[in-house]
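Q: Spelled out, the chains give:
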Amino acid sequence: MNVQEIEINEAFRAEVREWMNSHLTGRFASLKHASGLGAEGYDAQLAKEWEQELAKGGWTGIGWSAEHGGRAATLAQQVIFHEEYVSCGGPGRIGHIGETLLAPTLMHYGTPEQKARFLPGILAGKDYWAQGYSEPGAGSDLAGIRTRARIDPATGEWVIDGQKVWTSWAHESGWIFVLARCDETVVQAAPGNGARHGGMVLLLVPLHQPGVEVRPIRQITGTSEFNEVFFDGARTEGSLHLGPVGDGWKVAMYLLGCERGASTLGQQAHFRYELNLILELARKNGAARDPLLRQRLAKAALGLQTLRSHALRSSGEGTSQRVASVSKYAWSNWHRDLGELAMEVLGEQGELALSDPELRPLQQLWLVSRADTIYAGTNEIQMNLMAERALGMPR
Amino acid sequence: MDLVLNDEQRMIAESAAVFLAENSTSAQVREVAEERGGFDRVLWQQVCEMGWSTVALPEVAGGMGLGLMELVLLSEQMGAHLACVPFFDAVVVPTPLWRHLSESESGLAVVERLAQSSKVCVIGMTVRGALSASARVVVDGGSLVLDGQWPQVGSGAAADVFILPATLPCGSLALLEVPADSEGVSVQALATVDGTRTSANVSAAQVKLAGSAVLVNGDALHSLWAELRSFAAIALAAEQVGVADCALDMAVNYTKERVQFGKAVASFQGLKHKAAQMLVGVEMSRSAVYSAAVAADAGAVGDEFFMLAAQARSEATDAALFATRECIQLHGGVGFTWEFDPHLYFRRAQTLSQRMGTVEQWREAVAVRLLDQPEPQAETAALEAA
Ligand SMILES: Cc1cc2nc3c(=O)[nH]c(=O)nc-3n(C[C@H](O)[C@H](O)[C@H](O)COP(=O)(O)OP(=O)(O)OC[C@H]3O[C@@H](n4cnc5c(N)ncnc54)[C@H](O)[C@@H]3O)c2cc1C
Chain E
73 MNVQEIEINE
83 AFRAEVREWM
93 NSHLTGRFAS
103 LKHASGLGAE
113 GYDAQLAKEW
123 EQELAKGGWT
133 GIGWSAEHGG
143 RAATLAQQVI
153 FHEEYVSCGG
163 PGRIGHIGET
173 LLAPTLMHYG
183 TPEQKARFLP
193 GILAGKDYWA
203 QGYSEPGAGS
213 DLAGIRTRAR
223 IDPATGEWVI
233 DGQKVWTSWA
243 HESGWIFVLA
253 RCDETVVQAA
263 PGNGARHGGM
273 VLLLVPLHQP
283 GVEVRPIRQI
293 TGTSEFNEVF
303 FDGARTEGSL
313 HLGPVGDGWK
323 VAMYLLGCER
333 GASTLGQQAH
343 FRYELNLILE
353 LARKNGAARD
363 PLLRQRLAKA
373 ALGLQTLRSH
383 ALRSSGEGTS
393 QRVASVSKYA
403 WSNWHRDLGE
413 LAMEVLGEQG
423 ELALSDPELR
433 PLQQLWLVSR
443 ADTIYAGTNE
453 IQMNLMAERA
463 LGMPR
Chain L
100 MDLVLNDEQR
110 MIAESAAVFL
120 AENSTSAQVR
130 EVAEERGGFD
140 RVLWQQVCEM
150 GWSTVALPEV
160 AGGMGLGLME
170 LVLLSEQMGA
180 HLACVPFFDA
190 VVVPTPLWRH
200 LSESESGLAV
210 VERLAQSSKV
220 CVIGMTVRGA
230 LSASARVVVD
240 GGSLVLDGQW
250 PQVGSGAAAD
260 VFILPATLPC
270 GSLALLEVPA
280 DSEGVSVQAL
290 ATVDGTRTSA
300 NVSAAQVKLA
310 GSAVLVNGDA
320 LHSLWAELRS
330 FAAIALAAEQ
340 VGVADCALDM
350 AVNYTKERVQ
360 FGKAVASFQG
370 LKHKAAQMLV
380 GVEMSRSAVY
390 SAAVAADAGA
400 VGDEFFMLAA
410 QARSEATDAA
420 LFATRECIQL
430 HGGVGFTWEF
440 DPHLYFRRAQ
450 TLSQRMGTVE
460 QWREAVAVRL
470 LDQPEPQAET
480 AALEAA
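Line by line, the protein sequences give chains E and L. For the first sequence, our numbering assigns the number 73 to the initial residue and increments by one for each residue that follows. For the second sequence, our numbering assigns the number 100 to the initial residue and increments by one for each residue that follows.
Quick caveat, the hints were computed from the structure, so don't treat them as lab data. Errors might be hidden in some of the hints.
[What the hints assert, rightly or not] Lysine to aspartate or glutamate pairs mimicking EDC-like chemistry, simulated, CA-CA at most 20 angstroms apart:
id, chain 1, residue 1, chain 2, residue 2
1, E, 356, L, 280
2, L, 218, L, 133
3, L, 307, L, 259
4, E, 128, E, 112
5, E, 120, E, 213
6, L, 362, E, 460
7, E, 104, E, 428
8, L, 218, L, 113
9, L, 355, L, 440
10, E, 128, E, 185
11, E, 356, L, 463
12, L, 355, E, 460
[Unchecked claim] Label pairs and their computed distance ranges (CB to CB):
id, chain 1, residue 1, chain 2, residue 2, range
13, E, 392, L, 471, 16 to 24 angstroms
14, L, 471, E, 422, 31 to 39 angstroms
15, L, 438, E, 316, 21 to 29 angstroms
16, L, 250, E, 420, 18 to 26 angstroms
Backbone N, C-alpha and C fix where the C-beta goes; we use that ideal spot for every residue, glycine too.
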């Protein structure tokens, strides 16, 4: 990075900070540091208004090209944005499924009409998307999905029957992308017919319709951010399949590949915030004098630094698949350990259901972080992948 | 920060890997460890001739003017091939001292005399990287007289020249250049559990030295030592990464070959998951070490440098201990034999975990920074006393 670039980036950092400080105030102040998952009393409506505020400032889809309405920010600038966003107290985003998962997939596989129709709503913080992959019978083994899609010959529309589960934010979303299996009539026209990964389709489906029922599930946290979603003759337009019919698996996998990237550095900024809360508490309540806790706190701090080092190393050009393959396992286990450490630092106090707004989030962190080693590929699936793909161990 | 190796760095790493694969084979390592006291003089000569011992010295001092990153890449290969040369003790550790001395005319002469030769120069620090102040120097007429003992000096049995810490009459701590063959110096070689390294108890009785033997002292030494510890710890961590990576490789290769229950044992998930965890350790610690080296070469000093070194040590120590332990386990019965290599790496990993301070000591020093009132003097003292 040359001096000029550094100057541009520092100016950018100042711009982000100034905007955040002047906008995350007033009615939005209550959202500071609120993370969506496990946040009690979370005001989703206000969070959406905040996302619209962000959009107005041009802070959504910042890495998108100008053609799609973004500001084509460089990777370094995206990192800066995420870091400043979190350190200024920016709340967890509920628009991330649309913005960071669906949108890049739309840009890659979408038709011009689909892009024109859906990208602006995502960018503006108006349309929210849910991810309809997991089913009661298909979790780690996603290819085991049974949700069916057929075409109604009378209208040309897609008709969907089946059930999705653990669907984050479906209760707050207007749309869902659904991975489904084409029925026999459609599958004949589709490639990969008969193979386990063949004959699938990724459909863009409106949630607010008679054929869809969303039932929130109460989580380990006591709050409800994920849902069951039932499709009973649900419909979507015949043109709303993303990518080729029958090749849905490939499209679905491309979308999962978007889960990495610059936003993981934003995630680390949030981890840093959480770690600092724990360090501060340890200094206050005397846990900082416990020699074993000191070891664990130091190890956590160093581990977070290493997550950052690794993110930088694996975002470089020409990174091997082997290097990238360890990231998810590393960050999720680091974070889960941090949750346990938070409870140890709370100590005796941790046994009570706390209401102190400073301490309560630490108990929620302990619970929320259990999810990290489950979603986006469980620990065990991650280890299988590393062993088989990176180390070439046989199945 | 760019963590991708440049072409020159990639070439250094690759050529070192190729060279050591041929010149530090398991058979050679075993022969040196069992028959020749743990020091491969021929290999050391070659290492010096190829310029590996001066990569990170400034060009004015006859070095290549490269950085810690290049030393890290070489150290990684030294670990992976268990090279029986004092690369850590006689190249990595003194480099910051040589750099410091290169800043003055008189110092430059010392560097030219010591660092550019293939002499093995070893600093008489403790196993955990502290400088003891217990040895004394008195002035007798025109010369200095040194008395003291330096137990368990790493690579001490291979040393031609010692750089020994001692307290000067004025009370300040100094490093003194003391040739191993000086009258009054005795070097008692110690057999090591690792076998691929040497160690020695060094003592001095009424050793006469010229005033010019004092290389650095007082505040200059104090700040040099803080930087040197971070510098050396990062390269040491690189050696641990090399050890861990090789242990992982051996384990994966062996389990792919070994058949039980009618299939390669590598197909069993219990083993796959162990291997995957080894991989996480190897790659995360490599990221930690590389980013520390890159930051150091970009000018990180003081506290920032210390935190990077602690990060590298914290990750790499855990990774090397875990990988070498599991490497034995994944080999089954042959892992318990002398004939198979896993124990060599297991030994090296254990030995490395003690050099320059244990992870517990590094983490405690980090805890002091994170959790206690800022008292920078007390922190360094805590680490040095350990
Ligand atoms: C907070 C949260 C939010 C989520 N949000 C969404 C969402 O928005 N959309 C969506 O589609 N999904 C979502 N998920 C679902 C998530 O993707 C699945 O939970 C995950 O893929 C695991 O599937 P499962 O729950 O069926 O567990 P299972 O696959 O039944 O796993 C049970 C256990 O078996 C182990 N296991 C399974 N297969 C293997 C194997 N081959 N080898 C070794 N061990 C194995 C697993 O590791 C686990 O320990 C979410 C989950 C969570 C926790």
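Q: Give a verdict on every hint.
A: Verification of the hints:
1. E:356 to L:280: The given pair, whose Cα atoms are some 57 angstroms apart, is violated under the 20 angstroms limit.
2. L:218 to L:133: Violated, at roughly 23 angstroms.
3. L:307 to L:259: holds, 17 angstroms
4. E:128 to E:112: This hinted pair is violated, its Cα atoms lying about 27 angstroms apart.
5. E:120 to E:213: At roughly 33 angstroms apart (the allowed maximum being 20 angstroms), residue 213 of chain E and residue 120 of chain E break the hint.
6. L:362 to E:460: The given pair, whose Cα atoms are some 15 angstroms apart, holds under the 20 angstroms limit.
7. E:104 to E:428: holds, 16 angstroms
8. L:218 to L:113: Measuring from Cα to Cα gives roughly 26 angstroms; hence the hint is violated.
9. L:355 to L:440: holds, 17 angstroms
10. E:128 to E:185: violated, 24 angstroms
11. E:356 to L:463: This hinted pair holds, its Cα atoms lying about 18 angstroms apart.
12. L:355 to E:460: holds, 11 angstroms
13. E:392 to L:471: 16 to 24 angstroms: This hint is violated: roughly 41 angstroms between Cβ atoms.
14. L:471 to E:422: 31 to 39 angstroms: Since the Cβ atoms of residue 471 of chain L and residue 422 of chain E sit about 23 angstroms apart, the hinted range of 31 to 39 angstroms is violated.
15. L:438 to E:316: 21 to 29 angstroms: With Cβ atoms ~57 angstroms apart, the hint is violated.
16. L:250 to E:420: 18 to 26 angstroms: About 45 angstroms separates the Cβ atoms of residue 250 of chain L and residue 420 of chain E, which means 18 to 26 angstroms is violated.
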